[in-house]
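Going by this note's numbering, the sequence shown opens with residue 33, and the numbers climb by one from there.
Keep in mind the hints are simulated off the structure, nothing from the lab.
A few of these clues could be false.
Said to hold, decoys possible - Capping the alpha-carbon separation at 16 Å, the derived lysine to aspartate or glutamate pairs in EDC-like fashion look like this:
#1 LYS121 with GLU133
#2 LYS102 with GLU59
#3 LYS85 with GLU130
#4 LYS85 with GLU133
#5 LYS34 with GLU202
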Amino acid sequence: MKVFLLALAIIDDLGVIVIIALFYTHEVSLPALGVAAASIAVLGYLNWRGIGKTSVYLLVGAVLWTAILKSGVHATLAGVIVGFMLPMKAKNGKRPAEKLEHSLHPWVAYLILPLFAFVNAGVSLQGVSLENLTGILPSGIMLGLFIGKPLGIFLFSWVAVKMGVARLPESINFQHIFAVSVLCGIGFTMSIFIASLAFAGGAPELATYSRLGILLGSTAAAFVGYMLLSRVLPRRAAVGEFISILGALGENGAPFVIWLPLGRLHHRCSAVLVAR
Numbered sequence: 033m034k035v036f037l038l039a040l041a042i043i044d045d046l047g048v049i050v051i052i053a054l055f056y057t058h059e060v061s062l063p064a065l066g067v068a069a070a071s072i073a074v075l076g077y078l079n080w081r082g083i084g085k086t087s088v089y090l091l092v093g094a095v096l097w098t099a100i101l102k103s104g105v106h107a108t109l110a111g112v113i114v115g116f117m118l119p120m121k122a123k124n125g126k127r128p129a130e131k132l133e134h135s136l137h138p139w140v141a142y143l144i145l146p147l148f149a150f151v152n153a154g155v156s157l158q159g160v161s162l163e164n165l166t167g168i169l170p171s172g173i174m175l176g177l178f179i180g181k182p183l184g185i186f187l188f189s190w191v192a193v194k195m196g197v198a199r200l201p202e203s204i205n206f207q208h209i210f211a212v213s214v215l216c217g218i219g220f221t222m223s224i225f226i227a228s229l230a231f232a233g234g235a236p237e238l239a240t241y242s243r244l245g246i247l248l249g250s251t252a253a254a255f256v257g258y259m260l261l262s263r264v265l266p267r268r269a270a271v272g273e274f275i276s277i278l279g280a281l282g283e284n285g286a287p288f289v290i291w292l293p294l295g296r297l298h299h300r301c302s303a304v305l306v307a308r
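Using the sequences and the accompanying hints, generate a full structural model.
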C-alpha cells in the first residue's frame, strides 16, 4: 500500500505541474521556447548516450529553467523534464538519478518544504465567518479533497483491476485500496500553490478561504483514512501502516502536521508528525 500511495502522490504532483504549465501561462515567448526545446534535445541526447555526470544535466537544466521562465510558462516544468531525462543507470555503472535524489532529499524535506509551508500556509482568521466558511469555494475544495479525489482513485483502481489492466497484490483487497484512497485526500503544498496562483491579485479573502478548505479537507481525509485502516488491519498494524504510508507521502510532498490520539496503543495520547 505504501508503494501504491507513493506512486499516486508522485503522479498527482506531476499532473498539477502540467496543469500549472498549461493553464497558468499568460504570454508565451517563442524564442525562449526555442531555447527550451533545444535544451530538452540536449538532455535527451545525454540520456541516450548514457552519460552519467550529474553536473552536465544540472548545467543544461539551469539553461532550460531560465528559458522556460523567460518563455512565460511556469518554470516548475523544468524540474520535471530534468528528472525524466536523468538516467537511472549510466554506462559507467553509476546511478545519477538515485544519487541526486539522495543528495537533495535532506534539503527538500527539512528546509525547502517547511520554509514553503511556513511562508504560504498562514491563515488569518480575521473576518472569517461560519457562513462564508460553508460557502461554495471552501466547501468545494474540502469536498473535492475528502470525497471527490478518493472516489476517483478508488473507482479507477477498481475498473483497472476488473478489466485486467492491473491486479491487486497478495493480502490486499479493495477495502485496503479504499482506505488508502481516502488518505490520498491529504494535500497541502500543491493545493496551496494552485490556490495562490488562482487568486493572485484577487480578493485576499478568497485565498484565505481556499487555504481553510484545504486544511479542513486534508484533516478530515487523514482522520477518516486512519479509522478505515484500523477497521481493515489489526490496531497495531494499522498505526504502523498509517505512519508508514504518510511517511511515504512525506518523501514526496508538503509539510502537514496531524495530531492523532493513538489511545490504547501506548495508553497515552501520542503525536504523529507527518510530512505531506
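Evaluation of the provided hints:
{"no.": "1", "hint": "LYS121 with GLU133", "in the structure": "holds, 13 Å"}
{"no.": "2", "hint": "LYS102 with GLU59", "in the structure": "holds, 10 Å"}
{"no.": "3", "hint": "LYS85 with GLU130", "in the structure": "holds, 12 Å"}
{"no.": "4", "hint": "LYS85 with GLU133", "in the structure": "holds, 14 Å"}
{"no.": "5", "hint": "LYS34 with GLU202", "in the structure": "holds, 14 Å"}
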